[in-house]
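Using the hints, put the two standalone chains together into the complex.
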Amino acid sequence: MTVMTQNTGAIARRTAARARKRSNRNLVLTVVSLVGGIAIWWLISLVAPQLPTPPAVAVRGWQLAADGSLFQDVGASLLRVLSGFVLGTALAIPVGFLMGWYATVRSLIEPWVQFFRMIPPLAIIPLAIVLLGIGEQPKILVIFLAAFLSCVVSTFQGVVNVDKTLINAARVLGAGDGTIFARIVVPASFPFILVGMRIGLGASWATLVAAELIAAQNGIGHRMQQAQLYYDLPTIFVGLIVIGVLGLAMDRILLAVEKKLTSWQERR
Amino acid sequence: MSDNPTIRIEHVRKTFDLKGDEFVALGDVSLDIADNEFITIVGPSGCGKSTLMNILAGLEEPTGGRALVNGDVVRGPSPDRGVIFQQYALFPWLTVRKNVEFGLRTAGMPAAQRREKAQHFIDLVGLTQFADALPKMLSGGMRQRCAIARAYAVDPSILLMDEPFGALDALTRVNLQEQLLDTWSKEKRTVVFITHDVDEAVFLGNRVVVMAARPGRIFDIVDIDLPYPRTEEVRLSPEFQSLRNRVWRSVYHQDRPASIAH
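Here the protein sequences come in this chain order: F and U.
Letter by letter, the first sequence follows residues 167 to 434 in the numbering used here.
Letter by letter, the second sequence follows residues 259 to 520 in the numbering used here.
Chain U on its own, in the form it takes in the complex (with noise of 0.2 Å):
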């Protein structure tokens, strides 16, 4: 990897006190992400992935080791690591715009250059028609392109994204995952993506970070030497198809050494 990492995971750990028996949600995690990369984490139910990425957020804090993103260690979050939430997390009192410009407001952004980035990132994930209603109003994957516009809008250099799309039906996840990664190329981020869906993954991310459970860990790294833009061509392509195999069997065949399960 290069010398100077976006962000930097050195020997993380993460324990939980479960009436007096140490549960190690992490055991020793350590990885660096370069910049722009696409990084997609997956793995069983239990593996600490949500955990992983809840301190990289800085929602929560590491028993030991670190995290550092553009160099600084991790203390709190902040408006340069944007978070996308499974369960969307929009504010439902306030409009598409509104949400979207939430970040905005809070940094004290006046308001005219408020509306306008508001308003370019509305168009760029395509609810331009929908900016003045109320989430109650969107379907899940609308709501979630809301998420996914407020984050952008505050202009972090990291996205980290917790198994968004996994509330969504298969059709609106498939168009999703284009989209995301149509805005991706528009506008290049740093974006870590936890998912539990390998074909997902695989579609997704330049590097698929296969997670282990009992304890956390990192148990396989595949590289997706698939071109981008990913079309539909690429994702019904054989080459898809046997790195979705490798990352299948690393996946669910957890109980052999990684090296022998490819």
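Next comes chain F alone, as it looks inside the complex (with noise of 0.2 Å):
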């Protein structure tokens, strides 16, 4: 048994050692790619005289960053996004334990998340002006819709993929329904889950900046089309940027809590 543990205790020093070879490599990479991609659109933007320049939308940027307007729009965006995401996965999480775990639950809602999920939540906006105005209702309802229409799909998934030998085996150890439910069925979905928050917040972030396109009086979507009006292309290039970045932030800080509430996965 000591023997196991010094070799186990070598194997995992060796293999830490390789990943931390591989993760420098990979930083590298990663700083090569992303001054080479800015070099590239600097080039074309020489050649293409109507595209900004890096150091342009830069400056813009930090224009926009110093009035103070830009942190105004990032919070917009970010409190719409959030409060329709944080309802949409509120309510999916527990609608897809239903549908996993009640055979007519699912029978009942199923069709209605196929259908609704065929419809762009895009598409709905038309409909969500005319009812609920041009207030922030209409915009938090469409990212809120997006938002579930991800989740529950996946939530029911993890749920109706739970391995039945685990729940055979939390039977023969004497559990009941509601054990099986909280201890098994939970944990063992709870990677399907999180996969459907990151799609969830991808699809949320999508709609939102549509949804500010077409009727808002501030955020990052809002922004750009203003400056769509005066033909300010280095403040559509900030939004952009903006919106890039803040959406791989946020999808980064969510695959971190994935990590670390799910390592116990084996990954392969």
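Honestly, I wouldn't trust all of these hints.
[Unchecked claim] 20 Å max Cα-Cα, derived EDC-like pairs, lysine to aspartate or glutamate: (1) U:Lys394 - F:Glu432; (2) U:Lys394 - U:Asp427; (3) U:Lys375 - U:Glu445; (4) F:Lys426 - U:Asp390; (5) U:Lys446 - U:Glu318; (6) F:Lys330 - F:Asp343; (7) F:Lys330 - U:Glu318; (8) U:Lys375 - U:Asp390; (9) U:Lys444 - U:Asp290; (10) U:Lys356 - F:Glu276; (11) U:Lys444 - U:Asp390; (12) F:Lys330 - U:Glu421; (13) U:Lys356 - U:Glu421; (14) U:Lys356 - U:Glu374; (15) F:Lys330 - U:Glu319; (16) U:Lys394 - F:Glu424; (17) U:Lys356 - F:Asp417; (18) U:Lys394 - F:Asp329; (19) U:Lys444 - U:Asp413; (20) U:Lys375 - U:Asp338.
FYI, nobody ran anything at the bench for these hints, they're computed from the structure.
What follows is the structure, given as structure tokens:
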């Protein structure tokens, strides 16, 4: 047993060293890729003068940040996306569990989920504006729908995919339905739920900007819309970059949470 | 057999509907198993040995006949009948200790007592140093030892093992066989052990039940009158060899009646 422990330790150390080496290499490649991408953009902007150069966009970004309007827009957009996303996933998780656990609930709800999934959330916008006006509600409703529909499907898949042997193992250890649900089904479907949340977040973010393009008094999408009227390309670029960076940051946060909470999984 | 067998299988039948055709997984199976017996069941695939075990575990219902454990008809699973699965079936998000404590927690045992009891069985299967490791850190053999500790912890009167060592390499398998017998000699239980490995069946059991397929039925029962503890010496002895040969013929030459096969 001692020998085994030493071996395991040595293997773990070697694997860790290899992983560090790999992650250093990845970091270098990421930086190379970023610098290269910006260089290509710069070259293209020199050939096509209607495109702003990277420094022009950086200057505009600085101006927008300095007068505070960038943070106001980001704040307004984030508030919308988070309200819709939180409401959407908060409803999607219990509904997904019910659909996975009770065949009757599944049969009742699934046609509607599948139907609404086929309608791009953006197509709901005209209806939402007519019914709810042009305030915050229609935007949050659309984001809510986007988050809910992506998350509900994967939660439900997670419950359906729980290894039957684990349920049998719990059953023969004396677990009833309640225990099996709380202590087997919920943790076992967690990885699926988190993937659903990430997809939901991406969908929310995509929907948000479009919703703001149509009817908003503030927000990143609104700012870009205004810039379009004045042919202000640097501002549009700043908007695009901010959307991309924020989306990426939120996705990374969820990914980190996922890794932390599902570290028990065996990864291939 | 004794008048009050721990396990009594009475004319158990199990059929499945295969696109309108009736598939007979178990014909008419009857078997009595006495207290603290170590029964091994061996047979070709499709002989219904896993179905029989699932019926004893209460995970499947027989189409006809009944299974009794300690005089009560089996209706659904019970912690009194521990099951060890070939795929280990450890809860991957729980540590070894939490896995072993699972059944105790379900039974509502207080935390301190639970921990003490789990520790006893973790020590017994030799996983002391890995008590706080997650299953993904363990080798196949260690996982199965953890599953054995988990089954033992709830104190079942019988243990049902469905090809528990089937996925392990030959060396680990021999090791675990000896460890299992060691554990069993310290904590006597009635064991029903399913395997497709003739050597394993003869080495572990005090009786080997040979099953045949189409329809699934008991083909032969061989008493293994080798002494416990079964050491390497026993495994290499001529007595073991001749019993092994006897069971082998029974498993691989089922076209002849059992009485002629030996």
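Here is how each hint holds up against the structure:
no. : hint                : in the structure
1   : U:Lys394 - F:Glu432 : holds (6 Å)
2   : U:Lys394 - U:Asp427 : holds (18 Å)
3   : U:Lys375 - U:Glu445 : holds (13 Å)
4   : F:Lys426 - U:Asp390 : holds (17 Å)
5   : U:Lys446 - U:Glu318 : violated (26 Å)
6   : F:Lys330 - F:Asp343 : holds (13 Å)
7   : F:Lys330 - U:Glu318 : holds (13 Å)
8   : U:Lys375 - U:Asp390 : holds (15 Å)
9   : U:Lys444 - U:Asp290 : violated (24 Å)
10  : U:Lys356 - F:Glu276 : violated (36 Å)
11  : U:Lys444 - U:Asp390 : violated (24 Å)
12  : F:Lys330 - U:Glu421 : holds (17 Å)
13  : U:Lys356 - U:Glu421 : violated (24 Å)
14  : U:Lys356 - U:Glu374 : holds (12 Å)
15  : F:Lys330 - U:Glu319 : holds (17 Å)
16  : U:Lys394 - F:Glu424 : holds (17 Å)
17  : U:Lys356 - F:Asp417 : violated (32 Å)
18  : U:Lys394 - F:Asp329 : holds (16 Å)
19  : U:Lys444 - U:Asp413 : holds (13 Å)
20  : U:Lys375 - U:Asp338 : holds (16 Å)
Violated hints for the displayed structure, listed by number in ascending order: 5, 9, 10, 11, 13 and 17.
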